[in-house]
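Those protein sequences? They're chains E and G, same order as listed.
According to the working numbering, the first sequence is numbered sequentially starting from 1.
According to the working numbering, the second sequence is numbered sequentially starting from 1.
Derived from the structure by calculation, the hints contain no laboratory data.
There's no promise every hint is true.
Same chains, same names: a pair is fine if it fits in one copy or spans any two.
As a list, the in silico PhoX-like pairs of lysine-lysine whose alpha-carbon atoms are at most 25 Å apart [to be verified]:
#	residue 1	residue 2
1	LYS464	LYS669
2	LYS315	LYS258
3	LYS610	LYS579
4	LYS83	LYS38
5	LYS53	LYS240
6	LYS413	LYS144
7	LYS342	LYS213
8	LYS610	LYS258
9	LYS625	LYS683
There are 2 protein chains.
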Amino acid sequence: MKSLFEPESIAVIGASSNPNKIGYKILDNIISSGYKGKIYPVNNKGGEIRDLKVYKDIEEIDDTVDLSIIAIPAKFVYDAVKKCAEKGVKNCIIISSGFSEVGNRKEEERIVEVARKYGMRILGPNVFGIYVAKSNLNATFGPKNVHPGHIAIITQSGALGIAMIGKSAIDHIGLSAVVSVGNKADIDEADLLEYFRNDENTKVILMYIEGFKDGERFIRALKKLPPEKHVVVIKAGRSKHGAMAAASHTGSLAGSDKVFDGIARQLGIIRAENIRDAFNLSRFLSEINMPDGEDIVIITNGGGIGVLCADACEKYDVKILDNYDVLRNAFGDIIPSFGSWKNPVDLTGQATAEDYRKALERALDNSNIHGVIALYCETAIFNQNDMVNLIKEMNEKYKNKKPIVFSLFGGEKIDKAIEELKKGGIKVFDEVYDAVAVMGAMYRRYRYAKEEIEKEELEIDSEKEIGEIIRNARKENRGVLLPHEAKRIMEIIGVSIPDYRIAKNIEEAVLYAEEIGYPVVMKIISEDIIHKTDAGGVALNLENRAEVINAYQAIIRNAKAYYPDARIRGVEISKMVPKGVETIVGATQEPTFGPTVMFGLGGIYVEAIKDVSFRAAPVSVREAKSMINEISSSSILYGIRGEKRRDIEAIVNVIVNVSNLIARVREIKDIEINPLMVYESNKGVKAVDVRILLRGLK
Amino acid sequence: MKSLFEPESIAVIGASSNPNKIGYKILDNIISSGYKGKIYPVNNKGGEIRDLKVYKDIEEIDDTVDLSIIAIPAKFVYDAVKKCAEKGVKNCIIISSGFSEVGNRKEEERIVEVARKYGMRILGPNVFGIYVAKSNLNATFGPKNVHPGHIAIITQSGALGIAMIGKSAIDHIGLSAVVSVGNKADIDEADLLEYFRNDENTKVILMYIEGFKDGERFIRALKKLPPEKHVVVIKAGRSKHGAMAAASHTGSLAGSDKVFDGIARQLGIIRAENIRDAFNLSRFLSEINMPDGEDIVIITNGGGIGVLCADACEKYDVKILDNYDVLRNAFGDIIPSFGSWKNPVDLTGQATAEDYRKALERALDNSNIHGVIALYCETAIFNQNDMVNLIKEMNEKYKNKKPIVFSLFGGEKIDKAIEELKKGGIKVFDEVYDAVAVMGAMYRRYRYAKEEIEKEELEIDSEKEIGEIIRNARKENRGVLLPHEAKRIMEIIGVSIPDYRIAKNIEEAVLYAEEIGYPVVMKIISEDIIHKTDAGGVALNLENRAEVINAYQAIIRNAKAYYPDARIRGVEISKMVPKGVETIVGATQEPTFGPTVMFGLGGIYVEAIKDVSFRAAPVSVREAKSMINEISSSSILYGIRGEKRRDIEAIVNVIVNVSNLIARVREIKDIEINPLMVYESNKGVKAVDVRILLRGLK
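One chain only, chain E, in its complex shape (with noise of 0.2 Å):
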């Protein structure tokens, strides 16, 4: 990836004299930005552009190129892709749309397959380029104009991408780099967290996305990075509408949303809904130092806007300080009578530069907060000069010690204060929810980098076993294991079902009911009977050894007359369990992220309303628990209206091994324990009923 980010030598194949084609622009962006490597114009017309020499081909030039920057009809591409491969070029962007995007799948596997051949990686088809801000190198058709800075931007969106550079010029926000991914035939998101891993220069990487051909790959790329890289993510494609859209112009999958949130939540990536939250917390993530804490301070001179703060607070996650000692003290003696000390810190409308400056000195000098956010609303006494210079003063002077951000609002003159401001690389906002946000991300990341990532990863011991019953079912065709195979499966994995027997004829029914003890639930063991109820093939709390005699019978006799052929192995004994808090551990191998983990209560209401986690298996301890505590009902296993709490502690221990399970084993398809029984505090729990599913059979 190196030599894609700062090439030596860069060859653009279709460069142009006639300034409105692209093999023109991305030529000229190339020389203003300054690049200091080589450059090398190719066009089988030959002459000369912007004094440079054109060479007709590619092998004319007698240098090592690192890159090529393909700008010519598709129809022409793999051709160019082939020489290029040959020569030796480590790296081709290509810029020519004409590909997958319009279902030209084909050519486009074709291209990757040459340059794989020769060990050479692609960018695109259908990209705008690339800059990189330390290689001096703007090699895209977009604008000129970029500021450089610790933010690289990864879109899937070209048309979007060219406008989010000039936006980002506009705003003052600054770029280490910017990639165009296109339709991701070789190089995707995976590759380019690789690079920006450990390039020092990027703080931040903020991608937009519609969709992934390697899901899994992408959470191995983030999961390696460290907590100091932050990563901000606008995922398109959320609602059916959009995830149609996204496919039919980019050919990738979109994935379950609420998986990829369970993800995002996994992995401390912030989410952000549109492109202006996106840059928001860009530049706030890239500009700021981790506090040293969560007790933060809000400071203003009006009552109005500091409730609407605490509110914003609440939504995103940003803890205010309470603790009346500590606010007393910092600042009772500096707050008028009708003002309050209490947080929000209301100055009140009558406070002057002067008093304002009195309550961020404290707040910031005070060890006990840990940030602030502080307020202004323009009132008649508000001087615009005496505002800027001392956000500015207070800025310098304690923007490397604790994180602090202003709102300011009101009309033209406060306007103009916050241009000034943000010139300056202040954190200011007009909207005092924008101001919370950007904190709230902070957090989010600070509360990610603080929990230790722990890996614990489960031992399996027979792994052999497990494949056994595997290969045995695959023998005879099942996809589906049978319920004392799946059962086996999770003794193996540590997950406590209830104790259970295969009886071939009623003498060994009767004998498994008594060694089990009473009550037990018996079933048909058949491959051929999928709805066991329906076939008779099901009896509950039978509570005696007469029960169970005419149970078996029972139950042969109906499987016989439901499906005559039916392949019989026996009747399940099992124990019935009593009561508890039924939950649900499911796994899969997802098409878009690879093995998840899924978590939520059962039941009738939870079905109603999909009230569940997920995660990327495998999940540590740290990271199941999260997700039982993130689904809306988890007070259920709290213990409400009197009830005692139920054991978590078990459940985690369920989830986890489940997780390592699905991650380990690919050749189990689906994992579905249903319900999990779930008992009081150090009582356990049982998996009820188990189903596992095979991959690439039914």
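Dock chain G against the given chain E, drawing on the hints supplied.
Chain G only, in chain E's frame:
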């Protein structure tokens, strides 16, 4: 109220010649704004200010005074108000602070009392004044520069209100009026709505509210507004910290945010989270004509921004037209092959202004398309002038025909284009989510106006009998009605209950059980035994005569053992009802908003996730339906997992009747039907347990 907004003469008490004083600023603003009525400065120093004679006392003014504005220290206010009242002044605006907002409630009450005695109305205290466009009157100490227009702002926060005036001016937002309500000692939002209801100049009423003094009156005033008068509300103090801060500086109650949210839906109020949204929505609603239907089309030159827009449409409940026949007919022949005529209609980055015009015209001329969201990303071929002219032309031609909103995104040129278009009154945003949000607010109002406003009120024939039951309970000093009393009230208002009798002895118990039919439930009736189950006073599922006899004896014995002195009124025998979906219907005299009604699903899950909906009572059939549809678990009532649809009409009936009861019989403080058992369609509901509390008693 008319004389407050359109006074013919104004006295400014506390007028000053010192430009730093509020008493000067107000006078100066009144003069500068071009007010045509008479102005009488009052100050005991006398003299002249701005060429106007200063009266030493209001009594000296030899004319009637419609409005007095008082800006003197708090301790002198009472006397000034009294003099105004005695002189026959119609309205007083008390600018001065130092009253209930700092705990000085008594003085404020004394002032209102004297004003009421003379029929004078008070705005304030603790306000910045009033602005009225049609009276050319800026009687505030805020900014001079206010754009006249069609939005009336009512604000509880002074500092924020002044800042909002400033912000509206720089954003070219036109105002019809601004009123600062401050402590609302007398005039509150309800009074002001009364005026704006008939003010043709006002199309949108934008309110910043932190708390209510009389929420019920406010609701009544909102209900009277015609559907073409839009209301946008920022309700601050939603969060715990926010509500605390609001209470401490306004002294009014924030009220439950969840209840307010229900009322906002009921009355078609647009809730804005923050000030930016409130301004965007208000401006749009003040300038737009309602559309003819809900099918909108997105036109874009960039796929990515189109996907984001589709996502935003889902978020804001804007319907994307997906009739492919209509779309193909409209756009099929003008879209390049690599674009899309599906919605979002994607012209691709190569679209010229001319292509863009064609698509817009097709959309705007098509009667199957009711609204247009037009997006544009800055591209290399973007021409600022062409685009600005095109949009202006399209807007001019079509703005009165159907709603159209633009979102342009990019760098400096786009920024300038937006600024120019905004000045021309065109609805244009840089953030696409903002563009869709305003459309969403419009459609919320559209739907609200379309729904026929039903006026159904329950006829409670036997309101007299309800009164007697309540009187009887009061006579016995009971705050809780006995179960059979509550059930009788349910019968009276037409809510179905299980058949029941009250037995005084074993013989009656058996007789009644057999009349009702087994199985039955038996419960002790005694106001002294609250926790009947704990006292052994309940027996369920009694299936025959012997069980009834045993249960009767046990219940009486247990009750006497539990509480020897308990007054025992007998034993209730009622039909054991079959299991259905358990729901809850509640109603209460809410401290802030008056009578309200609540609906939710019963059971532990719903308690855990608080999935309930609220409305102000009484509600219509339509409103009751929307309460049911609004809860997130409503799919259970519509039948999931093969279950049948439940009798939703019967629930609606209960909600409507209970809401009428709470609204009409104010002596009832609280009603809870839990569970209301709901059966399959046409099989009705049963109010299994009903609890009714009375006001003012425990």
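Taking the hints in turn, this is what the structure says about them:
1. LYS464 <-> LYS669: within (18 Å within a copy, 68 Å between copies)
2. LYS315 <-> LYS258: both (20 Å within a copy, 15 Å between copies)
3. LYS610 <-> LYS579: both (22 Å within a copy, 24 Å between copies)
4. LYS83 <-> LYS38: within (19 Å within a copy, 89 Å between copies)
5. LYS53 <-> LYS240: neither (51 Å within a copy, 70 Å between copies)
6. LYS413 <-> LYS144: Between. Shortest inter-copy distance 13 Å satisfies the 25 Å Cα cut-off; intra-copy 32 Å does not.
7. LYS342 <-> LYS213: between (52 Å within a copy, 24 Å between copies)
8. LYS610 <-> LYS258: Both. Shortest intra-copy (10 Å) and inter-copy (21 Å) distances satisfy the 25 Å Cα cut-off.
9. LYS625 <-> LYS683: Classified as within: same-chain Cα gap 18 Å, cross-chain 44 Å, threshold 25 Å.
Hint check: a violation occurs at hint 5 only; the rest are consistent with the structure.
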